[in-house]
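Starting from the given sequences, assemble the full structure and let the hints guide the process.
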Amino acid sequence: MVKSYDRYEFEDCFGIVNSRSSNCIFFNSSHILTGHDEGVSLWNVQEKEIKKKLIVPFVPPYYFFTYHVTYMCLSEKNKNILAVGYMNGSIRLFDIFQNKILSTFSGHTSAICKLKFNKGNYLCSCSKDTSIILWDIVNDKGMYKLEGHTNAVNDIEFLEIENNDVENFINNNLLVSVSKDGLIKVWDLNIQMCVQTIVDCEDEINCLVVNESNTRLIVACNNTLRIYKIDLFSNIKDKFTNSKIYITFLSVIKRPNNCKVVNMKICLLVEDESGLRPEDSSFLIPQNGEVLGNAISGDQINGINENSTGVEEDKKINVLNNSLDNTNKICNRTSYSINGDNNGILICCSNLKKIEIYKINSIQNQKKSEKQRKKRYI
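All residue numbers for the sequence shown refer to full-length UniProt numbering, where the first residue is 1 and numbers rise by one.
Since the hints were made in silico from the structure, they are not lab data.
Computed from a predicted structure; not experimentally measured.
Backbone N, C-alpha and C define an ideal beta-carbon position, used for all residues, glycine too.
Accuracy of the hints is not assured; some may be wrong.
Pairs of lysine-lysine residues, derived as DSSO-like cross-links and limited to a Cα-Cα distance of at most 27 angstroms, are as follows [to be verified]:
| no. | residue 1 | residue 2 |
| --- | --- | --- |
| 1 | Lys-265 | Lys-229 |
| 2 | Lys-116 | Lys-260 |
| 3 | Lys-229 | Lys-254 |
| 4 | Lys-116 | Lys-368 |
| 5 | Lys-354 | Lys-77 |
| 6 | Lys-79 | Lys-48 |
| 7 | Lys-141 | Lys-79 |
| 8 | Lys-265 | Lys-100 |
| 9 | Lys-237 | Lys-128 |
| 10 | Lys-229 | Lys-119 |
| 11 | Lys-116 | Lys-79 |
| 12 | Lys-254 | Lys-239 |
| 13 | Lys-254 | Lys-354 |
| 14 | Lys-368 | Lys-353 |
| 15 | Lys-354 | Lys-48 |
| 16 | Lys-265 | Lys-141 |
| 17 | Lys-51 | Lys-128 |
Simulated DEER-style distance windows between Cβ atoms [claimed, not checked]:
| no. | residue 1 | residue 2 | range |
| --- | --- | --- | --- |
| 18 | Asp-136 | Ser-4 | 54 to 60 angstroms |
| 19 | Tyr-144 | Ile-101 | 20 to 26 angstroms |
| 20 | Tyr-144 | Thr-104 | 15 to 21 angstroms |
| 21 | Asp-6 | Lys-119 | 54 to 60 angstroms |
| 22 | Gly-142 | Lys-52 | 27 to 33 angstroms |
| 23 | Lys-353 | Lys-79 | 27 to 33 angstroms |
| 24 | Asn-223 | Val-2 | 55 to 61 angstroms |
| 25 | Ser-4 | Ser-29 | 55 to 61 angstroms |
| 26 | Asp-140 | Asp-6 | 43 to 49 angstroms |
| 27 | Glu-49 | Ile-161 | 44 to 50 angstroms |
Take a look at the structure:
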């Protein structure tokens, strides 16, 4: 006797706000963009409902979970343009207001790890296929592919050299990349080659962050944060390759656990008008609505409202105060700032739903603390 069974086929799913493989970004003060499955949703934070969906009309048959959104990035030049990377390696540019696809880029063979716009008309993408591609979004074409890593490229960042005589972006910029192979590479976009490779990380590098003045680079390994000095006008050359050394090791910070850091953000601190001490400084929510600016919960740091809606405002939020338990400071102290840098905090988001905060002291505050130490010894 032959028993017959009903054939069940997948049709749709519902209730997903944001996929695990995708990031979430603020579009403005009252809307956020989330990636789920093959689509991107524009949510109204105050009304808690979806206002718009950006969906790619994939033609069946195709396997579900193949075209999942892996990363999203807003253009710095035009905030209405959204770049979305997918699991299959494709990249699509959306016009959020017109709700249509502007361009489709196909150059990677694996999932997109990170997308980065420059201040102009170029988009850089890195993938698990170990390659980096620079795209021209105006002419809808790929400029070139950078290959040199032996494992997935996790993060990328532009290093712009300020030069008024050179207007071309490619002739006036460097690119730094980190990978699971533990290498930090500096690429010259003019000659399309790697000009420096740093090999001093034993573990894989998950992400990186560069300060606004392009003088410091921080990379996150499994249990450490490594700080590097950036000198874009360096005259020091390598003995073997005779190429310039742009990045040199500065110091290392040991983290309290081995969880993976998935994202980092540097927030500048603002001195309180009432004349409080440096430990009582406060920071302003970034006007561009970054996710990390409002990702701190009241249970982790004293002084933050638990019912915060993430709306942009000019009110100062007290972050660092004397009520913090000093016994919880596990990381070691290191020198970070240079002349001209302000006070700040480094916020690290891990994959274990934890947020780590490291205080950044300016040179002026470092000198004050050194004087206080000398007085104590006297």
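Agreement of Lys-237 and Lys-128 with the hint, judged by alpha carbon distance not exceeding 27 angstroms: This hinted pair is violated, its Cα atoms lying about 31 angstroms apart.
Within 54 to 60 angstroms: is that where the Cβ-Cβ distance between Asp-6 and Lys-119 falls? holds, 56 angstroms
Straight-line alpha-carbon gap Lys-354 to Lys-48, limit 27 angstroms: holds, 25 angstroms
Does the Cβ distance between Ser-4 and Ser-29 fall inside 55 to 61 angstroms? holds, 57 angstroms
Starting from the hint 20 to 26 angstroms, judge whether the C-beta atoms of Tyr-144 and Ile-101 obey it. Holds, at about 24 angstroms.
27 angstroms limit on alpha-carbon distance, applied to hinted pair Lys-116 and Lys-368: violated, 38 angstroms
Between the alpha carbons of Lys-265 and Lys-100, is the straight-line distance 27 angstroms or under? violated, 31 angstroms
Between Lys-116 and Lys-260, is the straight-line Cα distance small enough, at 27 angstroms or below? Given that 27 angstroms is the threshold and the Cα spacing comes to 21 angstroms, the pair holds.
For the pair we were handed, Lys-51 and Lys-128, check the Cα-Cα distance against 27 angstroms. violated, 32 angstroms
Does Lys-254 pair with Lys-354 here, judged by a C-alpha cut-off of 27 angstroms? Since the Cα atoms of Lys-254 and Lys-354 sit roughly 16 angstroms apart, the hinted pair holds (cutoff 27 angstroms).
Regarding the pair Lys-229 and Lys-254, is the alpha-carbon distance no greater than 27 angstroms? holds, 18 angstroms
With a cut-off of 27 angstroms on the C-alpha distance, tell me whether Lys-229 and Lys-119 pass. holds, 23 angstroms
In the structure shown, a violation is registered for the earlier hints numbered 4, 5, 8, 9, 12, 14, 16, 17, in ascending order.
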